[in-house]
Structures are given as C-alpha cells and as structure tokens.
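Undergrad: Here is how the chains run, residue by residue.
2 protein chains.
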Amino acid sequence: MSAIDNLEVCLRSVGEEEDFQINKNTLHDVFSPQLFRRNAGIAIEKLEQHLSDRSIRGLDLIDPDILLQTVKNLMSEQAGMKISDEDKLKAIINLYINTGIQVHSPGYMGRQFSGVIPLAGVFDLVSSIVNQPSSFYEAAQLPSVVERIMADELNQFIGWPEGQFAMVTTSGGSLANLTAILAARNDKFPQFWSEGVAGLHKKVKPAIAVSEDSHYSVSRAAGIIGIGEDQIIRLPTNAKKQICLDKVQHVLDKAEQSGLKVFCLVASVGTTSMGAFDPIDELAEISREREIWLHVDGAHGASLLVSDQHRLKLKGIEKADSFVLDAHKMLFVPAMCTLLFYKNKQKSYCAFNQEASYVFEKKPDIYTEYDSAEQNFECTKRPLIMNLWVCWMLYGKSLFANKIDHLCHITQSVYQQLLTEHDFETLHSPEINILCFRYFPDGLEPTQIGDFQLMIRNRIRKDGKFFISKVDIDGTTALRVVFMNHEVTLEHFNQLLTEIRRIGLDLLQKVSNSNQSVVTR
Amino acid sequence: MSAIDNLEVCLRSVGEEEDFQINKNTLHDVFSPQLFRRNAGIAIEKLEQHLSDRSIRGLDLIDPDILLQTVKNLMSEQAGMKISDEDKLKAIINLYINTGIQVHSPGYMGRQFSGVIPLAGVFDLVSSIVNQPSSFYEAAQLPSVVERIMADELNQFIGWPEGQFAMVTTSGGSLANLTAILAARNDKFPQFWSEGVAGLHKKVKPAIAVSEDSHYSVSRAAGIIGIGEDQIIRLPTNAKKQICLDKVQHVLDKAEQSGLKVFCLVASVGTTSMGAFDPIDELAEISREREIWLHVDGAHGASLLVSDQHRLKLKGIEKADSFVLDAHKMLFVPAMCTLLFYKNKQKSYCAFNQEASYVFEKKPDIYTEYDSAEQNFECTKRPLIMNLWVCWMLYGKSLFANKIDHLCHITQSVYQQLLTEHDFETLHSPEINILCFRYFPDGLEPTQIGDFQLMIRNRIRKDGKFFISKVDIDGTTALRVVFMNHEVTLEHFNQLLTEIRRIGLDLLQKVSNSNQSVVTR
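Keeping their order, the protein sequence lines are chains A and B.
Heads up: the first sequence at position 468 corresponds to 459 in the numbering used here, and the numbers run straight through without jumps.
Heads up: the second sequence at position 228 corresponds to 219 in the numbering used here, and the numbers run straight through without jumps.
Hints listed in this document are in silico derivations from the structure and should not be mistaken for laboratory results.
Don't take each hint at face value.
Identical chains blur together in the list; that is why a pair holds if it fits in one copy or across any two.
[Said to hold, decoys possible] Cross-link-like lysine-lysine pairs, in silico, BS3-like; alpha carbons within 30 Å at most:
no.	residue 1	residue 2
1	K63	K334
2	K194	K179
3	K252	K194
4	K231	K354
5	K73	K388
6	K245	K306
7	K334	K231
8	K453	K354
9	K179	K252
10	K388	K79
11	K354	K63
12	K63	K310
13	K310	K245
14	K338	K453
15	K354	K456
16	K338	K304
17	K336	K63
18	K501	K354
19	K388	K63
20	K63	K338
21	K310	K453
22	K338	K194
So that you can see chain A by itself, here it is in the shape it has in the complex (with noise of 0.2 Å):
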C-alpha cells in the first residue's frame, strides 16, 4: 500500500459511533474524568490494535506538503461534514500510528529504537496527569527517591563504593554528554564557569580528544561551551572503527605540542555508525596518567551492564569519569530517559554552579539533600526514572538482559549468513546488534558502489516492506540494520536480503540499458 493510500485509509477509518461532545467553553467538561476515561479507552483500543498487528511492514515517506494539507484538512473540517471530537481524536491517531516507523513489526530493522515496553508507554501516562516535574524533591518526592534506587541498582553492575558516586536522569544523550564535558571542563579549568573566556591565559588552549567516529553531540559539546570545534582532536580508529591503542599517546602528545591542552577524552560504546566497543579499560589508564577526565559515551552500548553474557565487552567502565546511558535505546522504554553516571558524586556538582532563592533553598534539609536540579540541566525535569523503574520493579533485571542478548544473537546469526552470501560484504563483524553491510552483485562498477547502496535503501523505503537505515563508512555509502525488536528473525532478515538482491538487479538492469549514471538520490 503506497503512503498516500495509507493515509486516506487513516482518515476513512473514523468511525460513526454514538458521540460525546463536550461544551467547549467550559474548562469544567474538558477537564472531567468522565471525558479523561473516553479518550484514555479511544486510545487503548487504537494502540492495543497496533499492537497487535506483527505484519512484516516498512515505511514509505509521504510528500510533508501532502501530509501537512491533509492534517489542515481535517482541522478545518473542509469536507464540508461536522466531524464530532472522538472521531477527529480516532483520525489523529489513525494517522499518527501509520505516518510513524513501524517499531512493532518485524520489518523494522533500522533505527536504534525500540518499541517500548508496552508498561513504560502506561506510566508515561501516570506521570503526565500526576505530573511532577522532578528536579526537587518537594514536587517529586517518589521520582527522587527512584533515582536513587535504580542508581544503587545498576551500581551492582559497575561496583563503585556505596555513596560514593552520582547517578542523574536528564533529557536525552546529547543533553548528558554536554553535562558531563562541562563537569569536566569545569574541574579542570575552574575558573572557566565564572571568568569564561577572559579567565584563560592566553597559552592555554583547552581541548577534547574524541574517536573519528565519535556522535556529533560531542564536537556539538565543544562549539557549545567555547572549546571550539577546532580544538577537538580526533583519534584514529581502526577498521571496527574502535580508537586505535597504538596510536592515541603519539596523537595526544603531538596535541601538547601544538600548545593544546586535554583535559577531556570521549570514548564509545556502541558507536552510531558501526556499534563499535572503544578500549575502556586501557584508555582509562591513558587517561589517568595524563590526567585527563574520561567520558564514556555509552548512550547505546552502556546498557550491556545489565548482561551477564555481554558486561565484558564494557570492561573498565568502572574507572571512567563519567558515562551515559541511554534507557530509550537498549532498555527500551519510551524516549527520553537518559542516565548520566559519574565516578565521583562531588564531581557531579562540577556540570553547573547556581543560586537562586526561588529553586535552591538556603539552608539544606533531609529533604533538599534529595533534590537534583544543581546537578541537572534542566529546572523542569520530568520524572523520567519512573517508567525503568516500574519495568524493572516488576519484570527485574532478567527481561532487559534476555531483550539485549536476544538481540545481539540475532545480529551475530545474520552477520554469519551474510558471510555465506558471495555477493553481500560485511563491514565488521558486530559488537553489538547493529551491523553495516553493502551488496555488490556482478557487474557493479565498484566506483559506485555506495551510491547505488542508496538507491537500494531509498527503494526499500519506497516499498514498504522493510525499514532499514543506510551509513557512510570511510567515504562510501552501507546499508545498515539495528535490530530492536525481538520479532525479527533469521527468516525475516533473509526475506530482507531477496528484496535487496530484487531491487539491486532491477536497479542494475536499468542503469544497463540506460547506460547512464545510476546517481541519483
């Protein structure tokens, strides 16, 4: 079914049931429970339905002028007919569910989020009508003392004395790599915070060192709080795309020389790109030596503490400065719930330096040693903690660790059959469960090669059947899957590659009796 069809599917599909309209002018109606119930069962029905459908299904992309007339549509009720709210409610969800990436079915093998937890998706409504913004304990007084559970928690993970360091919640990777590249930058030139710019002498020369294949939040991080994305130092990685050992003090010192001054090193687990494991344990030596603070950015691969099959692979995380962990990724419950951990609990204070009557109490209490927002960035926080814990209070630990390994099997079984396949090439051999592949069937000019990896990731999305993501690897385009959802198996993966080898020769046939560049988007 193309996009367009889906969409006037959507629309067609509100139904002609008896109706409860509300007076709109009377704030009494539109906040009673009575109307709370109707829209919250309107909504379960939609969703248990999407639920349900495990249909193999990708995502074609609608034309954003069409969808955005559509949605004016509906809006101004231009078909001339009175559409009553519940249906209008059925037709925006209708809508939301089949614009969206198709997270539940086994086609979707291309991004690294997952469907969530059906009980995370319930609590985020819990806490959006109890609402308590929790950056203090006096609006939050369960989100703050969770925090503090779930950090004791996953601590049995990381083996850190009692006490002794910090775990906070914030919104989003991005969010908690800024903090903790702060927190370093402040440790390290303290008088940054207060002096910015005009406190440096003009000899030094801050700078970061970050993996070539690092996420771009933290060259962001840099350009953000007056580093400077020149002043990043880029160690080279190897063919898994992991900072090559061998190579990092020859770079860190020709830094030095050049008048630079590290104070910062970012290393990954679970690259973006490549899902590639960073040296841990042997760059925290390096680190420690040179004494340069050292931030994991494990928003995707920290999660494997939970693993006892796959904990190893996060060897030395223990000794980090600080690290990120993304629960809307592997832990798969709703985005955003991100966890930013830190060695040393006084350190964590290090990210901002803050007063202000209204928010930090003069005077500390048993109840404002509880409250986070002067080691958060945000004032107003939500309560993101709840829904990983509420999972985890009743589903425990193993339900995450079955998820994770289950994943990571399924990448390895796929990656040993592409290995098999003679006209499929493997970019690595996964560390995690994403893996980048590219196919290169006979007759393909190998100079372009990663355009027509494009083509094929474009066509795919085109049909609908599959939703994979597509990766440029030294210069040259890869297809690339990330599996999140433990629906997929070797069978549907093997589905996948028919249709890549389906759209790749009909490709190839064309550009063969056109005999023209087969480049385009």
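Given the coordinates of chain A, assemble chain B onto it according to the supplied hints.
TA: Relative to chain A, chain B alone:
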C-alpha cells in the same frame, strides 16, 4: 492525615482480586497487547479516581529515607507475602499519586505547573507507544508537519511574515534559553563556534545583559557557553521587578566603557518570583539601536499571546529576535513542551553548526527540509508538539484563553481582597497569576518578618491542607501563590488566609512564651 499515614494507606489499598501473572521470562508476554490493555485499565481507573477527588488538600513531605525504605520493602516483598504484579502496579500508582503535589485540588496554589488537560496526558500514552523521536522527518512525519502548523497557528498572534520566522520545539525552558543565547553568540561572534576562546581578540569581552530578577537558567547559560557568569550585566529593576527603562542606557554605556561587548539582552515576560513583565517594546528599540540580540524569556508569560484580554502585556514581542514559551506552564500540557521562536528563520540555524553523515543528509530533499535536528539541541527528541496540537485541534484557542483569563482574574480578586486586610501586605499588583505577600500581624518584630513567612509556609506544608510557595524578595522571604488551578475560588483563598492567621498567631504566641528567636527552617 499525616504523610506517614498516607503512605500506609497507599500500600494497604492494594486489592485481592484475581491476578494475571505473566511469565517473566517471555519477552512475548511482556510485550503482549493483552497485558498492555490490562495495565492501561489499572492506570486509568486509578487516575480517574484521582481526577475525581476535588477535596481541598496540600502536601506534607515525607522523610526521604522513610519513603526510600517503603519503596525498597515493596520491591523486596519483605512483608513475607508474595505480591502480584497487578497489586504492585496499583501500589506504585497509589504511592505516586499520593506523594505528589495535588495539582488538581483547590488547595494547590503553589507552583507554575498545572493539572494538565487530561487529553494531553492521554496523548502522551499514544506518543510513548508509537515512539517517534522527532528531530527528523523520517522518524516522525506527523510531529514534523504539526510543528509547522502550530507555528502558523501561534503566529496569528505575533504577526511575522509567513515563512520568514521559525519555531523550534525543545525539552524545557532552560534548554530553549541556552539555544537562543547560543544563536545570539554565534550570530554576533561567528568564529566562536569553531575557534572558541582562542578566536576572540584579547580585548573583546562578550557580555549578556539580564534583569536582576531573571531565571537562573540565563546566568547558567553564560557559564555554560564560555561567556562567564562574571560577564553578566545586571539591569536594575523597579519595585514591580520590571527592568527600569531609564537606567538601561546608562548601565549598557558603563559596561561598554569597561571593555565589555554586550551582544545579548535577556528580558522576561512573567518572572518566576513575581510574574513581572519587562517593557519589551522599549527594550527592543534600545537593542535595535545598539545591535544587541533581544531574547525574551516568556516561559511563563508568553502564553498570554492567545488571550485577547491580556495579549497587550506582550507589546513588542514581535520585535524580539527570539522568545521562549513553555506550553507546559500556561498552556497546561504535561512537562515538557517548550516552544522557541525566532523572528528570522535563518538565525535559527546559528545555534548549532554541524555535520554527521548518518543523521544529516548530504543532499537536501523534500523530506529533510522538515528535519529540525540542525535547529534543536536534541538528536532524539520526544514529539513534544503533539499534546499541545491535539488539544488545540479539539478545543481551539478558546480553552487556553478561557483558562488564562480565569487564572488572571482570580489573582486580581485575591489581590483586591488582600488590600482590605490590615494584617497582610502585598508586594505588587499582580500582572499575571502570581502574587507575593506577607502576613504581618501586630506584635511581630519587623526584623523577623522574613523568617516568620518561612515558618508559616513550612507549617502550612506540614498541615497538608494547602500548598503555597515562598520567595525571597529583596532579601526578605515572602509568601507566594501561583494560581494554575481553575477550580480555586476566592472562598478557597479566604480559607488559606484563615490558616495563615491561625498558624501565625500560634507561632507568635510560642515566641512570646519562650521569648526566643523563632528562626528555624
């Protein structure tokens, strides 16, 4: 009922109904649509009860260590009995509801968050299950076009030329302030992003001018982005805590003479402490003359845009280079939903400067034109706009305007009432729904007035009938009410005054008996 009794009730009230145990080892069961429906049913029943409870109540705080232990007991089932998953979920929801600020009660007059529009809460459930992180059109088609639609809807009240302005959604007012100030920094000092501190001439000291009474996130931003908190220029305020227009030019002249280059002026519409509105129209003229970026922190007050009665308070906001609006404050949706507006669309791309192949497509197309990742800080961003839009679509602007008008009206009534009470002093004529005042009975030593207010606030909190806040104005504590609940009437406020008098006189009696200082927290 004391906080501890309350705790016990939460835990006792779990039922003994038939249970639906899942096989915890099976991913399939945890992700099943049937379990989703059952859990959602439990949540809705609890929340409907909660919304139906309109009794007058505040919130006593529980000792965090006791709450922590309670939660741990619940987790470890120390009571010696096996608690079913359903009963655990019920106990958690009870605990969550009962330990939170009772935003739906008429006793709630304390903070800037509201009992949310229930439909917005319901829609958070939908957003969580469909899980569409929305910085890229591909991953969130509907939220991406809806951002454009809401931008145009709100621009009706601003009046910028179509297509020439920008609205960006982001995770909270602090992040929006940071983003706007970064855009200003990079616009005025284009080399700052890549060169950082090293790129500035020794003589240039960038500075930011802010109201004496601005939100802490603004000076925090100066610390974060490398300007330095010392380079914050404080603009003096009048008795109403608005920036004093007749002092601005002098302060800016003096700053320049001392070698500072003020590149950004941050005004507020609706300060946190007193809800003061700075004179935007005149500040815009001063900023224009001096080529300073004018940013307006309208986290609390910019929502008055939708009110015909109150829009005039924002006169000149269309002349600001950027402004912030927290829809999770005065548009009554769940935290967080922040809107950041730019007068000039091009400048919205100044805040961040970036390349990353796996996220930013090298060849722009009709889809990537709708991506927001280059304008917003987040890579993974919750589809924040959806809650606001669905309420706007179903209820129209009138719901928001009616509630705002009602809240401003009750605040005025309360103020008029206080003017007639000889033992109270008001600190200002309220400009929005925030009012600060002090209880000043005969016999109170003027030197003790601040501590006295604090003790009253704490006793009111402890008694659990009302929830109000406190604020320091010119170094002396005052009581502060924020009317976010449209169920609050003048009658409720009079009951609060009765409480304040009862508690105050009781405290005064104790002091006179003990003849000691009343200063405790």
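Undergrad: The structure should be examined with respect to each hint, and the outcome stated for every one.
TA: Evaluated hints:
1. K63 - K334: Only across copies: K63 and K334 sit 24 Å apart there, 51 Å inside one copy, limit 30 Å.
2. K194 - K179: Intra 15 Å, inter 24 Å, cutoff 30 Å: intra and inter.
3. K252 - K194: both (10 Å within a copy, 23 Å between copies)
4. K231 - K354: Answer is between; shortest inter-copy Cα gap is 27 Å, intra-copy 52 Å.
5. K73 - K388: The answer is between: 18 Å across copies meets 30 Å, while 50 Å in one copy does not.
6. K245 - K306: Within one copy, since 28 Å is at most 30 Å while 56 Å is not.
7. K334 - K231: within (28 Å within a copy, 45 Å between copies)
8. K453 - K354: between (61 Å within a copy, 18 Å between copies)
9. K179 - K252: Cα proximity of K179 and K252: in one copy and across copies (10 Å, 27 Å).
10. K388 - K79: between (40 Å within a copy, 17 Å between copies)
11. K354 - K63: Answer is between; shortest inter-copy Cα gap is 28 Å, intra-copy 53 Å.
12. K63 - K310: Only across copies: K63 and K310 sit 28 Å apart there, 54 Å inside one copy, limit 30 Å.
13. K310 - K245: Classified as within; 25 Å inside a copy, 49 Å across copies.
14. K338 - K453: Neither way: K338 and K453 sit 49 Å apart in one copy and 34 Å across, limit 30 Å.
15. K354 - K456: between (60 Å within a copy, 24 Å between copies)
16. K338 - K304: within (26 Å within a copy, 43 Å between copies)
17. K336 - K63: Classified as between; 22 Å across copies, 51 Å inside a copy.
18. K501 - K354: Between. Shortest inter-copy distance 23 Å satisfies the 30 Å Cα cut-off; intra-copy 75 Å does not.
19. K388 - K63: Only across copies: K388 and K63 sit 16 Å apart there, 45 Å inside one copy, limit 30 Å.
20. K63 - K338: Classified as between; 27 Å across copies, 50 Å inside a copy.
21. K310 - K453: Answer is neither: 46 Å inside a copy and 44 Å across each miss the 30 Å cutoff.
22. K338 - K194: Within one copy only: 26 Å inside a chain, 33 Å across chains, cut-off 30 Å.
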